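With the hints in hand, could you dock these two chains into one complex?
Protein sequence lines, in the order shown, are assigned to chains A and B.
Numbering-wise (this note's numbering), the first sequence opens with residue 1 and increments by one.
Numbering-wise (this note's numbering), the second sequence opens with residue 1 and increments by one.
It is worth saying that the hints were derived from the structure and are not from the lab.
Here the structure is a predicted model, which means the values were calculated and not measured.
Some hints here could point you the wrong way.
Claimed, not checked - Output of the computed footprint for chain B on chain A, the stretches with three or more beta carbons under 8 angstroms from beta carbons of chain B:
hint, stretch
1, 45-58
2, 63-75
3, 105-119
4, 124-130
5, 153-166
6, 233-240
7, 249-261
Backbone N, C-alpha and C define an ideal beta-carbon position, used for all residues, glycine too.
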Amino acid sequence: MALLTEFLYQFFFNVLMTLKDVLPIIGIILGFQFFVIRKPIPNFGRVLVGFIYVILGLALFLQGLEQALFPLGRLMAEQLTNPSFIIPNLAEGEEYVVHWPDYFWVYIFAAAIGFSTTIAEPSLLAVAMKASEVSGGTVTLWGLRIAVAIGVAIGIALGTFRIVTGTPLHYYIIAGYIIVVIQTFYAPRSIIPLAYDSGGVTTSTVTVPLVAALGLGLAETVPGRSPLLDGFGLIAFASLFPMMTVMGYAQVGLAIAKYRGKLSESDD
Amino acid sequence: MKQVRAFVQSLLGSIRDLAPIIIVIAFFQLVILRQPIPDLANILAGVALVMLGLTLFVQGLEMGLFPLGENMAYAFARKGSVVWLLVFAFLLGFGTTIAEPALIAVSAEAAEVAATGGVIGTTEEDKKNYANGLRLTVALSVGFAILMGVIRIIKGWPIHYLIIMGYMGVVVMTGFAPEWIVGIAYDSGGVTTSTITVPLVTALGVGLASSIKGRNPMVDGFGLIAFASLTPMIFVMLYGVITS
Chain A
1 MALLTEFLYQ FFFNVLMTLK DVLPIIGIIL GFQFFVIRKP IPNFGRVLVG FIYVILGLAL
61 FLQGLEQALF PLGRLMAEQL TNPSFIIPNL AEGEEYVVHW PDYFWVYIFA AAIGFSTTIA
121 EPSLLAVAMK ASEVSGGTVT LWGLRIAVAI GVAIGIALGT FRIVTGTPLH YYIIAGYIIV
181 VIQTFYAPRS IIPLAYDSGG VTTSTVTVPL VAALGLGLAE TVPGRSPLLD GFGLIAFASL
241 FPMMTVMGYA QVGLAIAKYR GKLSESDD
Chain B
1 MKQVRAFVQS LLGSIRDLAP IIIVIAFFQL VILRQPIPDL ANILAGVALV MLGLTLFVQG
61 LEMGLFPLGE NMAYAFARKG SVVWLLVFAF LLGFGTTIAE PALIAVSAEA AEVAATGGVI
121 GTTEEDKKNY ANGLRLTVAL SVGFAILMGV IRIIKGWPIH YLIIMGYMGV VVMTGFAPEW
181 IVGIAYDSGG VTTSTITVPL VTALGVGLAS SIKGRNPMVD GFGLIAFASL TPMIFVMLYG
241 VITS
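Okay, chain B solo, but in the shape it has when bound (with noise of 0.2 angstroms):
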């Protein structure tokens, strides 16, 4: 019983998250296109499946993903092994990255991009070694910055200096990036991190904060997914310059 009530009201939760997309695209679609919404049994079918699914998503990450991430960052600080501490750190940000659908689309995109610029030639071949050298290029530079976040979650660095060095890198290599490649590697910053990669990431740099003695939750726990979202813009301009 106590299960049910926590599920309805959890699925309560999910129609509020929900309500302000409906409310957006049913006055733009009636009061401004000044349309009828097509199929609404269809809509209305689509938007209970979103509910629930969210409403499962969010038990999940309760039960699933937050102690997961947490387990394994206590694990390792009781371990006392910052080695593996560190080549975990990395294969979960190349592992997470490599197979992300979001950058398997946006680097055949930009492939497209290369190939009609004629920078690569316009075979598949070309087009298809392009983009896949992209995205090791996206990989490896996430795991690089999951690996920088935890070594400074360990030695407590303040964030923004560390930061600001990114933004600085990020604006010299837009100077020497060609400038096709631009709009790609500022949008390649915010694909990387999916929705399961988010949560993971984030209990696992909460928790080895709260293990650390000295380190605090909220100020060295977080910035784990901002050097995961920063790395992959410098990245992709210097393969941009590399293979032009």
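Same shape as in the complex, but just chain A (with noise of 0.2 angstroms):
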């Protein structure tokens, strides 16, 4: 009985931060069509239903993570950077230096968690949704969220990686940006303006709470390194990444059918 209370309680309380977050969209969106655009939303009844069930559905979603998935990632991210897991048969409140090549799990795992909650991701779903409707086959819901969980899988495991070697971030997000310039040049035109988008859609819900977990965890646990300064920027690569491997599986794709184009074209 008190498990039930506890959970509506809880429930109740996801299903006001959903509201809160949701009202001013409805304020400005109600404002303007009474307003400006002086006409009645059309499917009213439709959309509202929609609504709850976006409202509801969002509450459902963060409970069971709260409920499960969160505490055992945070718990496992505080295990796999404890100098005790790093480096098996270190005495008790003795000096260690850190050799990069030591944190190798914990790349891995960086890696594992930023492609496996991207996958999970609900606003890239609704990006891949619309994009595969939009380009009529050529950008695909499955093909564009694995491309785009790549790009997060390797923006992670750097990020870990650049905490531990302790080098200043923006070197890193420069280089990434002259890449994805010089990409922007050779991909398809119409890949782009969704390549740029996926950086954007990535971290939100799921990915966010689970990364900044770890990449605390190992500014803590490193030594020379501060939560306040380190701690952040594994966002900022889990944004960069996936514009590069979006425009690669474009540029892939193209590839491809040019190849089976050739092909064909010998076959004659």
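Structure below.
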């Protein structure tokens, strides 16, 4: 019984938090609909039901994450970054020097958790649905999501490497920008806006809490790092690399199409 | 019956979406860390909630958020009032960002860093003012970003010139900004776009591009989110320069 009340209380709180997020949007839309457009919203009932689904769905989603995945994910981030796991036969209180290869499992975990949380990210799903609809099938739902997820995986793994080695964040980001700019000139024109967008959509509900825990855990335990200065930056990595992988995805797709075209030409 | 089948199919889709996280966590817990999974029943219940939530969200997306964003775009295009469209774009960006929980958390952390670094006073009042200023800065910059993005769709400008200019802005600001704010600024780009804003803004962009003659929804419709994740970086660093 106590469990149920606690559950309902938590759920109510989540609904309120989601509502707080939605209310400004509803206010702006209704204001414009009534005072500027001055026409009723088409299919108003259906849209309203859809909004209720979105709010309830997000609240349930957050509730489930808080209950199941986040505590475990945070615990694992702590355990994996703990010096006693990194260097197994370390004496209590002994000073140690950081060798970046010692954090091998941290990088693997970072990549795996980046990939898997991105696949479950609702806002990426929304963009992928729109993109596959608009592109008429050249961009597929899973193709885009996997391309973005690989980008996030690389980004977060590299981001944890940066925290371990303590190299300045902006070198990586500026180098990343240069690659994105060069790639822009070679990628098919129709993919570019979508690729740029996929940087921003990857990091929301699922990815940010888990990744932030990993970054903070690392910055706290790696000697010489401060959580305040080095704990940030993983999100920036996670938003940069999907741009490259999504453009790469389109480039590979184009190359395959060309290759197939050549094959069928030689058949004639 | 048909609806039930669609729901079950959607639920199966959610299970597939969630499977990678479960596999990763189980693998690291059991194989690498070699520990049992604590409180398995509770975790399974949580996973069920996540799946149900994701399924409802996707249904609501197709019924509510996508049509709403598109209808707004069509209505503005028919009305032909660019000024009102731009006001709407700005307010949508500003209004959705100012209340964003992730941004509230990040600006509170930033105030903490600034107080520790001696940039601002250490009283609660000082920190609160600083955090609120930062939030306002980011929200204004996202409003400005959506506004610019909509102008781009109307004019049909290629996106990469604007984005490259934005990158240059980021690089130049990095040179001037105090070192401690750089990490926060870079991260602030990613946190501004919430799960509800993204579908709505995407539908708005695609809707606009499909209703304006000569625009292609694929080439011109996307890109609003890209602007919204770029401008906060520049503005937050600017905020750091001005306040210190």
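Against the structure, the hints come out as follows:
no., hint, in the structure
1, 45-58, "holds (count 13)"
2, 63-75, "holds (count 9)"
3, 105-119, "holds (count 8)"
4, 124-130, "holds (count 5)"
5, 153-166, "violated (count 0)"
6, 233-240, "holds (count 6)"
7, 249-261, "violated (count 0)"
Violated hints for the displayed structure, listed by number in ascending order: 5, 7.
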